[in-house]
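Trainee: Residue numbers (the working numbering), protein chains in the order written: chain A, 1 to 100; chain B, 1 to 100; chain C, 1 to 100.
For the record, the hints were derived by calculation from the structure and aren't laboratory data. Just to be clear, a hint being listed does not mean it is correct.
Here are the simulated EDC-like pairs of lysine to aspartate or glutamate, each with C-alpha atoms no more than 16 Å apart in a straight line [unchecked claim]:
#, chain 1, residue 1, chain 2, residue 2
1, C, Lys57, B, Glu37
2, C, Lys18, A, Glu39
3, B, Lys18, C, Glu39
4, B, Lys57, C, Glu37
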Amino acid sequence: MHTTNLTLLTIVGEAILKDRLLAELERAGARGHTLTECEGAGSRHRRVSETLGANIKLETIVSSVVADRLLATLANDYFPKFAVIAYLSPVAVVRGEKYI
Amino acid sequence: MHTTNLTLLTIVGEAILKDRLLAELERAGARGHTLTECEGAGSRHRRVSETLGANIKLETIVSSVVADRLLATLANDYFPKFAVIAYLSPVAVVRGEKYI
Amino acid sequence: MHTTNLTLLTIVGEAILKDRLLAELERAGARGHTLTECEGAGSRHRRVSETLGANIKLETIVSSVVADRLLATLANDYFPKFAVIAYLSPVAVVRGEKYI
Numbered sequence: 001m002h003t004t005n006l007t008l009l010t011i012v013g014e015a016i017l018k019d020r021l022l023a024e025l026e027r028a029g030a031r032g033h034t035l036t037e038c039e040g041a042g043s044r045h046r047r048v049s050e051t052l053g054a055n056i057k058l059e060t061i062v063s064s065v066v067a068d069r070l071l072a073t074l075a076n077d078y079f080p081k082f083a084v085i086a087y088l089s090p091v092a093v094v095r096g097e098k099y100i
Numbered sequence: 001m002h003t004t005n006l007t008l009l010t011i012v013g014e015a016i017l018k019d020r021l022l023a024e025l026e027r028a029g030a031r032g033h034t035l036t037e038c039e040g041a042g043s044r045h046r047r048v049s050e051t052l053g054a055n056i057k058l059e060t061i062v063s064s065v066v067a068d069r070l071l072a073t074l075a076n077d078y079f080p081k082f083a084v085i086a087y088l089s090p091v092a093v094v095r096g097e098k099y100i
Numbered sequence: 001m002h003t004t005n006l007t008l009l010t011i012v013g014e015a016i017l018k019d020r021l022l023a024e025l026e027r028a029g030a031r032g033h034t035l036t037e038c039e040g041a042g043s044r045h046r047r048v049s050e051t052l053g054a055n056i057k058l059e060t061i062v063s064s065v066v067a068d069r070l071l072a073t074l075a076n077d078y079f080p081k082f083a084v085i086a087y088l089s090p091v092a093v094v095r096g097e098k099y100i
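Okay, chain A solo, but in the shape it has when bound (with noise of 0.2 Å):
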């Protein structure tokens, strides 16, 4: 079966940030995302009862380049406000053009 490699990269954080988290990805060039509900803690290992609400995990397939724009707003608008942690994850995909 054909696949080709691309990125998956996963976005973590708040759930307030859901929509503007969404917002990123359509603006950075991402063609989908997969969204789950999920509960975390963060550095300092707080328990998950102190955290201050539900957390969502935004996971969307694409190319390098729009991985590295994705990153970059993460770094610079996100990052030094918000718990939001993000990495990227080699995937070899079925249909793969349709994540370019």
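With the hints as your guide, set chains B and C onto chain A.
Mentor: What follows is chains B and C alone, placed relative to chain A:
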């Protein structure tokens, strides 16, 4: 810790496909799965509120043979009709012999 | 964008293990985690409706040292008694120094 290099196949699609997709996994030889409810927007980036229903994310750790078998089934029977995405990620699994 | 290569450890197990697993993460040196509710079926591929309860997926970004420590704990104290799966994925993390 000894680990085995295997493939994590992730399938995201409409929740209504749940039973059919689980049957495909079993038929193809997958030994287990994890199912998570999620929301999604596809390659035309419709807003989440415009999607027709909940999505599910199915994850299964398989050999490359089983992964190829499942991708072929998805390509033939699902991609032409349904909004389904599928991608492969490399994973190192503890007790990997249970998955093949 | 500068990223750091780290390990994403994913643990899936019964929801009843939540507090114990979170304590193991903290004890091993993990700096945070994401927790998602999910369903699963194990290597005998029981149907989802036959599973005994909800599952959780715990994800934590760690160094390879912390990943090995956690896998050893899981192998010794959990795998013999519980339906737990664990796997490692390579990830490139922004602000990776927060995770080690």
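Trainee: If a hint holds in the structure, say so; if it doesn't, say that too.
Mentor: We went through each hint and held it up to the structure:
1. C:Lys57 to B:Glu37: 12 Å, holds
2. C:Lys18 to A:Glu39: Holds. C:Lys18 to A:Glu39 sits at ~12 Å (cutoff 16 Å).
3. B:Lys18 to C:Glu39: 12 Å, holds
4. B:Lys57 to C:Glu37: 12 Å, holds
In summary, the structure agrees with every hint in the numbered list given earlier.
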